[in-house]
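With the hints as extra help, turn the sequences into a complete structure.
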Amino acid sequence: MTTDDLHYNDINAQLATMSNLRAYLSAEEELAFMQLLFSSSASVLGSNYGLRRKDLEKLLNIKNDDKAFYSFIERVNAAVHRYFRVIYDEKRTRVIVMMRVSAKDAKSTLSKEALAILLYMFYQQEVLNHEYTLVQQILTDFGHELLNASAKLLKNIDQLKKIGAVEENEISKNEKAYSLTAIGVHIFSDSFLRRTAEFAQSTQLNKEEVLKFFKRYNLYIREDAL
Amino acid sequence: MDEMDTVKRAPISIFNVESNTAELKTSMRDIASLAGVLNELGSQQIYESPLEILRFLNTIQLLYEESLGLAGVIEDTEMLYYRYRNTYIDDAPPTIKQLEHLIYILSRNSWLTKQTRQIKLLDRGKRMMDALIRLANDSLAYYLQDDIGRSLFQARRDAELSAAYDDNGISGGNKIASMIHNVEDAIQKLELRQLEFFADRNALPQLEIIHQLMQELEIKMQERLSQFRTVEESLVMSELVQRGTAVLSKGTALSLGMLTKYIRFVTMQDTPLSDSISPEKIRTFIVNMYNPPIDSNIPNAYDLFSFMEQAQYEDEELDGIWMPIKFAAPIGGQDIDDAIHYLETYEPKVNDPIETEAEIDFEETIVEGESVQQLFDDAAWQMTKAVINTDIIEHYLDVHGESELEEVMIESSSAEWGDAIRSLLAVSALTSKQKVNMKEVLDTKQFDKRWEWVEDDDRRFTLQRHKRTTRDNE
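Each protein sequence line maps, in turn, to chains A and B. Heads up, the first sequence is in our numbering, so the first residue is 113 and it goes up one at a time. Heads up, the second sequence is in our numbering, so the first residue is 14 and it goes up one at a time.
These are computed hints drawn from the structure, not numbers from a lab. All values derive from a computational prediction rather than experimental measurement. The reader is advised that the hints may include incorrect statements.
[Claimed, not checked] Simulated crosslink set (DSS-like; lysine-lysine; CA at most 25 Å straight-line):
no., chain 1, residue 1, chain 2, residue 2
1, B, K202, A, K224
2, A, K327, B, K294
3, A, K216, B, K202
4, A, K324, B, K202
5, A, K224, B, K233
In C-alpha cells form, the structure reads like this:
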C-alpha cells in the first residue's frame, strides 16, 4: 500500500546518500538514526510510528537538551533531505522518519479521494488554523449527495488513520472529528501544493508564495539555510 | 408510408435466404474461387515476404484499370510485364514466368479469360478485386492508428458500413453492435491510459485527435441510432440503441475531460507568475477534486501526480509525496531456527480419512459387541433356564415381593431337601444373572423343613426381584 514497490534504482540512490551521513553525524548518532529507521517501520499501528523522544535521547546520551535534540534532527535532514525527512511530532513526542515517493509511485500510496480529504484537512488546520475537522463538515462539502457517501468517506479516512496521518479527536460523544498529526502535515510535497494552488488559481504561481500560503515557509527557509 | 416500407424490409442477407437458390450457390462459389486464388498465394514463402501479395494486387490492378477503360488493352503476358515495370516502382518486379503462372491461376478460377489478342478481366475478377482492395486498404488504415485510435476507427467504419449497406437494403452484418463494442473498447483503453497521457509532455495532439474522432463518431452514431429509433424494432435493437447512447455520452465526456484538463495545464504554463492566492479558490478546488465529474477540467489527485511527472518544474517528478517509511523488521537467528524447526516438523492439519473411518468402525464394534454380548447372555440364560427351573422363584418373588431366602425356597416349592437344592440352584442362577438382589439381614423367621443348613448363617438373606427399569422410572 505504501512504499514497498519503489524502483530498485531509487532505493540504490537512497542508500548511496547514507554514506554521506558520516560527515554529518557521530558514530553514536548514526546508530541512533539507524534505530530510528527501524523503529519507524517496525509497527503497523498508526500512532506507533517512530521512536519516542525519550528513547531517542537515551540513544543519543542527552537529556532534555533541546539544542542537541534539534541539532541531530537538522543534521540528519541536511544529509538525507532529498530522500528522507526526520520529523518531530510534538503532540505525541515521537520522532518519525518519512520517505519521499516520486510522483509516479505516489499514485499507489493513498487513494485519490483520501488525498483530497487530507488536503482539505490540511487546508483547514494548517492554513486556517482550525484545531480539528469535523466529519460532518467534510461530508457536507464532499458530495453528500453521492451514493454511499458516508461509508466511502470513512473508508478513505481509515486509510489516513492507518498511516498515522490523522487521529480521531474526542470533542464530544456525538461528533466525530479528526486532527492532522505531524505525519499528516508533512505528507504533501511542496511541488504538489504548488500544482494544486496553480490549478485552483488557473495561473502559474511563485513557489515561495505558495509555501507561505500553506504556512510552509519556516520549513522552507530552514532547509535552505542549511 | 412508402419510405417506412423500404426501411422496414429486411435487408438482403445470406443468413436468411433459402439455401437452395441458385444465386446463393453462385455467390458462395465466388468465395470458393477467391479461396482458390488465395490458396496459391498463401504459401509459407509468400507469408514470409508479404510484399509478394502486393505484387499480386498490383498485377490485377493493371487488368482492373484496363477493364474500366482507364488503360489500353493488354494483349499478352509480355505486355502485362512491361506495363507493370512502367507503372510501379518495384525493385523486384515479377518475372514473365511468374506472371504467366498468375494468369493461369486466375483464368482457372474464372477471374479472367485469355483470348488470342486480349487478356480480359471477368465480372467475378472485378468483384473479387474490389473486395481485396477494400480489405487491404481497410487494414492499412487500421494499422496507421494507435491502439485507442484503432478501436475508434473501427467504430467509425462500422457506422459508415452500416450506412452504406443497411440503407441500401443489403445487410452489413451486426455493424451497430460491433460499433458499440469498439467504442466500449476504446473507452476502456482510454481510461487505463489516462494518467499516462497526462504524464506525457507531448500528448496534446493525440488527445485532440482522440477527442475529434470521438466527436465525429458521436455524430455518425447518433445518425445511425436515430434511424433505428424511428422504426419499431425488436427488443435487441432498442437495447443496442440504449447501450450505444450511454457508451457514446461516456466516451465523449471522458475524452473531453481529458482534453480540457490537459489544455488547462498547458495554458497555465503561459500565464505570468502570480503572487496572489485566493483561499476561496483553493478551498473550492480541493472540494471539487474529491470526485470531479468525468468531463470536467478539474484534475483529481492522481491526475495532479501525472502532470507532475512531466517535470515542467525542477525536481517536480521526484517530489511526489512524503510517506512514513516502513522497513521489514530485522529477523534474528533464533527466529530463523524456529522457523526451520517449524517447517521441518510441520504436520498439515487435515482430516485423515482413514482415521475417521477407523473411529467409526470402533464405535460400530462396541455397538455390535454389546448386542452380541446381549445375545450370548440371553442365550446362556435361556439354556440355564432350560436346565434350572427359575420360573417358580421368579413368580413367587413377583407375587410376594421381598422375601427371606428360606421362605422363598420352602414356600415356592416344598420343604423337601431335593426341592431345596433345586431352589438354591435357581436362586444362585438368578443372582448370578442379577435378576434378583440378595440382602443380608440379622433376624429371620424359622420354617418347618426336612433339611438343615451346614452354616446356619447362610440363610440370613432376603431376596428381591431386581427391577432396575421400574425403579428408574419412579
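Numbers of the earlier hints that this structure fails to satisfy, in rising order: 4 and 5
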